[in-house]
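Trainee: In case you want the letters, here they are:
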Amino acid sequence: MPIARVLSANRGEIAARVVRAAHALGIEVVQAVSSADRDSRAAQFADRKVVIGPAPSRQSYLDANLLVHTALQTGCDALHPGYGFLSEREHLARLCADHGITFVGPQAETIAALGDKLQAKAIARAAGVPLVPGTERIASAHEATVAAETLGYPVLLKASAGGGGRGMFIARSAAEITASFDKASNEAAEAFGDGTMYMERYVENARHVEVQVFGDGTGKVLHFGERDCSIQRRYQKVFEEAPCAAMPEALRQQLHRCAVDLVASLKYRNAGTVEFLYDVDRAAIYFIEVNARIQVEHPVSEQVTGYDLVQLQFQVAGGEPLRWTQDQIPVLRHAIECRLNAEDPKRNFQPSPGRITGWSPPQGAGIRLDSHCYEGYLVPPFYDSMIGKLIVTAATRAECVTRLQAALADFDVAGLTTNLPLLKFIAAHPDFAANQLNTRWLEQVLLPAFAPIQE
Amino acid sequence: MANSDKPKVTAEDLENLIEIFNQSAWDELHLEADGLEIFLSNDPNALAPRQASGAAASIGTTAQVVAPSSVPATAVSLAGPSGHAPIAEGQVAIRAPNLGTFYRAPKPGAPPYIEIGQQIEIITEVCLIEVMKLFTPVQGNVRGVVRESRARDGQMVEFDDVLIIVEPN
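Protein chains in written order, with the working numbering: chain A, 1 to 455; chain B, 1 to 169.
Note that these hints are calculated values from the structure, not bench results. Ideal Cβ placement from N, Cα and C applies to all residues, glycine included. Check each hint, because a few of them may be wrong.
Taking CB as the label site, the calculated pair distances span [stated by the list, open to error]:
| no. | chain 1 | residue 1 | chain 2 | residue 2 | range |
| --- | --- | --- | --- | --- | --- |
| 1 | B | P137 | A | G100 | 24 to 34 Å |
| 2 | A | P381 | B | A85 | 46 to 56 Å |
| 3 | B | E167 | A | G164 | 50 to 60 Å |
| 4 | B | D13 | A | A414 | 48 to 58 Å |
| 5 | B | D13 | A | P321 | 49 to 59 Å |
| 6 | B | P86 | A | A451 | 16 to 26 Å |
| 7 | B | P86 | A | K121 | 31 to 41 Å |
| 8 | B | E167 | A | R233 | 53 to 63 Å |
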């Protein structure tokens, strides 16, 4: 049944995006806000806003009972969770289902299965999707050197009970394994009470690629191309683009097939992203995980395919079938997104909330800004520091890079400190223009070069 | 507020203004003249520009005069709560500690927790708030006489909404 009224259960730019998408389809929106977000864009755009709790997320956006109570009391028949917060919690999806509220996302069971890393890997393996090659438990340094010959160096040795890097080391030769194995195993035994080790192939030159998928819940799955999100700082994506220009066409076909097969095996419903590690030197892909929600970087896929993925979320959640075939979703252009954050690159990227006294975003052909900010808006200190996403689109990657540089040069924000200087520096870097980078490039190459010019 | 040696804005002027506003396609009207400030909005949750920053609190009541006529008639109305009225001097508000459904009595048919004119103590339970079948009694946290009940029985209240007005003693 088509959705008539939705509770928008998130904040920031995605809430504003959700309100617009719902309105475009004639769906009414009740916006849940914390007391810190009373004056937010989403609250202004929505048909009604409801203050669900005080500023801290735990007492507002992270309380599933408050959200579902609000949805029921305000006559909503659906709930859109956005990304982050409770978007991938089985509990919220189940609570919605139990109370007759349509959850705009996957089924609760799907969220649970994919949220368990081991289960997700088993699902991938069963669907014929490659994982990072590795071993079962390894008893000795000798056993490790034998296994490493099969995997190929470098290899990564890990404590099976481990975490936080303890008991973990990279080896580039048999000698390095022999030198470190016993020490690492002992360290693991001391830290976790279990010295069991295992081994994985270590991908030195890796890119992060992911496929945007959409399922209708019956087993039909379409993809909307891939995204390259290799520019990351501390596992946080900073730039995302579509398509992955660095990937050979044959590998791209395999990537899409793997992503579709994996989620089709679950009769996946609604939007999702299948993440892979792209081993550039070996021209191979390995499954990482599935994100069972709409993602921050979804706009680049929208820009290159021409589909509105948030509207599609509402349509599919409302029971509409995916009426297209895969060849009706060609990737026609190139798009790059960068995340504007209220943070200070000079002070180790400390969040820098405050009042925006000047807000002058770039405009023009091929320029899109997804943001909830405006002149006079107070960026509250309680949440994520992202204040906008700048997305540029052009026919080719080269034109896109030029357009991005110009757009960033035209972007003026006053009143608080942002990472704009870093975004400009990345966009102007020759490695970026040449697309010669991997997941460690930002931290190992770019930031060391960027730091001195910040003085 | 108005300057005494200038012609005063009459109630009739205000009625005319509200009439003009209601017949227009405007979302909001904000007027400042002769020290008087008027804010009209079709959004029941709208805040007057100055009220948002803490001044001119009484203007908000004007907005509520206008709001009900424009509320869409659906099964569950999209209208928000009507209780943003100011609190008189010498009185304090007991506010909702969280969003939920407000109940005056511990269960249907039972006498309400409190009556108007009743003396309450810090720990007196004044109402019940329910979230997904979890019922939590609310304590007054103030010693005084109950003057007004702002929330309606069985109605959803938002976080920090004014529930009850008390005159402390």
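Trainee: Which hints from the list above does the structure break, by number from lowest to highest?
Mentor: 2, 4, 6 and 7
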